[in-house]
Amino acid sequence: MLGQSLQLLFAGVAQGCVYALVALGFVLIYKATETVNFAQGDMMMLGAFFGLTAATILGWPYWATILFAITVMAVIGMGLERVVLRPVLGYPTFTVVMITIGIGYVIRGIVTMVPGWGTETHALPTPFGNGVVRIGGAVIAVEQIAVIGMTAALVAALFLFFRFAKLGVAMQATSQNQLAAYYMGIPVQRVNMMIWGLSAGVAAFGGILLAPVAFVHSNMGFIGLKAFPAAVLGGFGSVPGAIVGGLIIGIVESFAGFHLAEGFKDVAAYVVVLAVLLVRPSGIFGETVSKKV
Amino acid sequence: MGAVLELANVESSYGPVQALRGVSLTVPEGKIVTVLGANGAGKTTTLKTISGIIAPRKGQVKFRGEEIQGRAPDRIVRAGLVQVPEGREVFPLLSVEDNLRMGAYTRRDADGVAQDLAMVFGYFPILRERARQEAGQLSGGQQQMLAIARALLARPSVVLMDEPSLGLSPKLTKEIFDIILRINRERGVTILLVEQNAHMALKVADYGYVLEVGRIVMEDTGARLAEKEDIREFYLGMKSGGVRGERRWKRKKLWR
Amino acid sequence: MTFFAVENLGVRFGGVVAVDGVSFEVKQGEVYTIIGPNGAGKTTIFNLIGLIYRPTSGRISFEGRELEGAPHHVAERGIARTFQNIELFEHATVLQNLLIGRHRHRRTSLAEEILFLPRVRRAELAQRAAVEKVIDLLELAHHRDSMVAGLPYGVRKVVELGRALATEPRLILLDEPSSGLNPEETDDMAFWIEDMKKELGITVLMVEHDMNLVSRVSDRVLALNEGRVIAEGTPAEVQSHPAVVEAYLGGDD
Amino acid sequence: MRFLFKTDYDQDIRLFQHGGQMFWYGLLAVVLIAAPFLVSEYVLSQMQFVCIYAIVGLGLMLLVGYTGQISLGHAAFLAVGAYTEALLQSKGVPFVLSISCAALFAAAIGVIVGLPALRLKGIYLAIATLAFNVIVEEIITRWDAVTGGSRGMHLKAVQLFGYPLTSDASFYYLCLALTALACLALINILRSPTGRAFVAIRDSEISASCMGVNLAKYKTMSFALSAALTGVGGALYAHKVAFITPEQFTLLTSIELVTIVIIGGIGSLHGAVLGAAFIIVLPQLISMAKDFLPEGAPAAGVQSVVFGLILITFIIFEPLGLYGRWIKIRTYFQVFPFYRRGTFQRQRAYLKSERLR
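So the sequence lines, in the order shown, correspond to chains L, F, E and A. Reading the first sequence from the start, the letters are residues 1 to 293 in this note's numbering. Reading the second sequence from the start, the letters are residues 1 to 256 in this note's numbering. Reading the third sequence from the start, the letters are residues 1 to 253 in this note's numbering. Reading the fourth sequence from the start, the letters are residues 1 to 357 in this note's numbering.
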């Protein structure tokens, strides 16, 4: 019984890490631009496809694949900022949100049109093999441990970046008051470009980590819809919040899928997020500051 | 001493509304120049046009002989020209200290920044006390101090100040003007000052312009402007009661 | 019965005590001014009166009854306010802004409004007439149909005053009414404050830094520092109080 | 340019600002009423869809454009309306009653969503409504006994006072009439204290409440009204497609509905109607354009790319929406030949944190 619970817990944590990664992408963009990137899931999918291409067609090793996917996606992210988002810089958040929805449509459509990608499901080979580790009666795949480990490392790096690096702070400053950022000599447009590159890179990384768990598919991006509640649950704009939110949702889903009737698993995430928001309207780690008048 | 900042026939507008109708003014190196004018005369627009927040429709803005109109604001800051915006333009969710660090965004000399940080904490001890607090939680006046301190951290050679005394207590207003004089005298910083408190502004200014409805209508040294009848009446609030009495009677009638 | 009273009011945010045991009374028909250094807690007191913040201690009573509930209950009791940093409805015209001030005098129901019955039309015309009086008083006529977003600071300040007056309050809270105004506009503000008091019978509670304006219009002044009362009395008394000079006015130099 | 000299307070309140307006709207009404005799059956069928989406768009516009509350869950209200209508019709309830019930039930659900949403802002509200959408969709799918689950439900033609509206024209008139009523109702609300309170909440919650606006009451009211209109739209939609399944009311539908509001132009009733027309016409344009695209590309993919591109291009070039574009064209002709180039010149805009509202 305990073993089984532990098993479910680990499965949930691994799945939760994936949600957390996608949620992180959301939070990053939000922290730096105050917009919600609805194309985050699709960017992740695109990153996974680039990784897939590098791994299967070019035959590159896993680490090179990751690097390749991140680089390509970062460039795409910056390109998107330059071409599509810069013209609406300074417009209300909702305008930008609608643009990201449009970007999502375009990416999903393009992927189905690329020969070799199409609408089939692909598997991405990983170097972690099929090994398992046994902890107290639970069986955990090495793959899952790798996912958890890499997520943790990325989160730590990003957290430090936003807390201490001048550029990281400048990104937040830009989102909070663009005008003041200009007055301080922060190159707002360049900072914005970097944030989109960064977030697309994180999306690619997430896509590749996700590949062994969820397979590479053109609808893989819809996982973004699960990551939303994760990001909100933790408190939008908080890096640790994205992780905690992702983990909670992963674990809840894992247990709900086992213990509750069919169908509950899919809505569990949403029920949880509604329940938490009722108690804490800004999520678990969300800032509760109110406007000063 | 040459002119560090020159505006020639600058016209700016918000959409179809023209706010500046050909403003020309000169700010000499190392001086304090003030621009007086009623609300809506275009003072803030003038400053925003200089710092690149608004692109002028016509005319030139020259900074050290180089035309800077239409340039991105961050490049203008890098050139050494920083504006202290009116009101509470702080980064509300960053700590006070991070706000100040952002002021020094364009600088690479860590030691100099640390020195200047100590200096502004000396000017405004309350900011040191609140260094870890989110700037959005400061009171209105404290945010104003933060905005001024933050601009000083960029170590600019020219500062544009938009209503530095807005919402500050009489004591702090005096202190702010002392600080303005000090950075001007001790560090040779050139200052272009826009201020409702014309008393204070004319006291510290070497030279003054009067802006009305988007045009410069008068200019002279600070001391001479303070002597002029019109200035005394409209900007310093020293006027005879006769005109007022009449208006008052009219107002009563309108209300009933 | 005291008109308006604050007793032992206190509030802390996190560890910081923002207001610490402040008590004062405002008599009906007077102009009562709160002065004090920046961060002394003046605006916080306004926000406590407006029930935007919850006090940690003390009580506020208006016309013999305690103020409680949500901010709109305060407005319904006949207390209106302006904001230090101007909180207007930016994407609406001056007229619409003032009409929102009439909200507490709304008498029609949603169902009637959906059908726009003659009764609704009559009510609207009456509201409009009431607003026009305020427009006349504050000389806002030629800004009537302008969008607030495009107006200069000084005019917005007056619009905000107008919106507060449109509620026909018995007590009005003015947060730095003259900040950002030039001497001429400040002069107008002084006249309007006197008009409110004498002609309209509105009691005024204000926070202000311009000591000329304060001594000209105030009946009594309260000085705060670091959340505590340091002096109370006539403008002249408070201005010459050593603690006030020390903390707020600064010595002459 | 037309200058209106105001001589009467009533002028600000009345329905038509001047005679010209009355003329143009009258002409529009005549054309719309004559439409069944002028256009093909296919076009008429599309016009029915435009009316239905316009009603939904109006409802969403009230909430998003005028009260400033974001909803990514409006497909759920659409579903509530559609299923209520389907169920009541199958029980033999007359149409007038059943569509009223659809509106009321949707409004009730709107209140249930609106109440917890009172404390939520921005993205948190968006996600809460999104979650609500997913949950409703799942309930409909699982509640087999009542909703038919994923097998769906069939509907018969509307029976109005005993007359079945089987012809395209008759159903079109029903949709048109309800659209006109919805417009009128919203115009009336927006020129009354309630509408002003909505706008006040959108622009500044804090000062709205300090002016005596009960935030909880008006936000809930806005949710309820918006949901009611969407419910009516849902009921008509159910009749129009005659067969409803849970897949028609997913999150993607919600996003499509929001697109109506954005493309139309936030904060304008015209925009809601124009946006609805746009979203119906767009797929037709895309399928027409398909002939010019390379052979062999998967149709769904092309559709998705083109839709995305149009959305993006549209927002970049016209952030104010279709209504904003219309105003510009109209102004151009009104002031011709004195159009100043700078009149609608875009200003550099600067965003400020909305987290502190």
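Errors might be hidden in some of the hints.
SDA-like, lysine to any residue: derived pairs with alpha carbons at most 20 Å apart [as the list claims (entries may be wrong)]:
1) A:121 - L:166
2) A:121 - L:91
3) F:171 - E:139
4) A:240 - A:97
5) A:240 - A:138
6) L:166 - F:131
7) L:265 - A:97
8) F:174 - F:219
9) F:203 - E:211
10) F:171 - E:199
11) F:171 - E:229
12) F:171 - E:236
13) E:133 - E:236
14) L:166 - F:171
15) A:121 - E:215
Facing chain L, from chain A, some residues (calculated, C-beta under 7 Å) [to be verified]:
16) 282
17) 284
18) 286
Hints listed in this document are in silico derivations from the structure and should not be mistaken for laboratory results. Ideal Cβ placement from N, Cα and C applies to all residues, glycine included.
Comparing the hints with the structure gives:
Under the criterion of a C-alpha separation no larger than 20 Å, the hint pairing residue 121 (chain A) with residue 166 (chain L) is inconsistent with the structure, at around 30 Å. Between the alpha carbons of residue 121 (chain A) and residue 91 (chain L) the distance comes to roughly 19 Å, so the proposed pair stays at or under 20 Å and holds. Between residue 171 (chain F) and residue 139 (chain E) the CA atoms are separated by roughly 34 Å; this puts the pair beyond 20 Å, and the hint is violated. Between the alpha carbons of residue 240 (chain A) and residue 97 (chain A) the distance comes to roughly 18 Å, so the proposed pair stays at or under 20 Å and holds.
Taking the CA atoms of residue 240 (chain A) and residue 138 (chain A), the gap is about 23 Å. The hint is violated against a cut of 20 Å. For the suggested pair residue 166 (chain L) and residue 131 (chain F), the alpha carbons sit about 17 Å apart, so the restraint of at most 20 Å is met. Of the supplied pair hints, the one linking residue 265 (chain L) and residue 97 (chain A) is violated, its CA atoms being roughly 37 Å apart against a limit of 20 Å. Of the supplied pair hints, the one linking residue 174 (chain F) and residue 219 (chain F) is violated, its CA atoms being roughly 25 Å apart against a limit of 20 Å.
Straight-line distance between C-alpha atoms of residue 203 (chain F) and residue 211 (chain E) comes to about 19 Å, which keeps the hinted pair within the 20 Å bound. Note on residue 171 (chain F) and residue 199 (chain E): the hinted pairing is violated, with a Cα-Cα distance of about 34 Å set against a maximum of 20 Å. In summary, the hint linking residue 171 (chain F) to residue 229 (chain E) is supported, as the alpha carbons are separated by about 18 Å, within the 20 Å threshold. Note on residue 171 (chain F) and residue 236 (chain E): the hinted pairing holds, with a Cα-Cα distance of about 17 Å set against a maximum of 20 Å.
Restraint check: the Cα-Cα separation between residue 133 (chain E) and residue 236 (chain E) comes to about 35 Å, which exceeds 20 Å; the hinted pair is violated. Between residue 166 (chain L) and residue 171 (chain F) the alpha-carbon distance is near 35 Å, which puts this suggested pair outside the 20 Å criterion. In summary, the hint linking residue 121 (chain A) to residue 215 (chain E) is not supported, as the alpha carbons are separated by about 43 Å, beyond the 20 Å threshold. The beta carbon of residue 282 (chain A) comes no nearer than 12 Å to any beta carbon in chain L, farther than 7 Å, and the hint placing it at the interface is violated.
For residue 284 (chain A), the suggested interface contact is broken, since its CB lies about 17 Å from the closest CB of chain L, more than 7 Å. At about 11 Å, the closest approach between the beta carbon of residue 286 (chain A) and any beta carbon in chain L exceeds 7 Å, and the interface hint on this residue is violated.
When held up to the earlier numbered hints, the structure conflicts with 1, 3, 5, 7, 8, 10, 13, 14, 15, 16, 17, 18 and fits the remainder.
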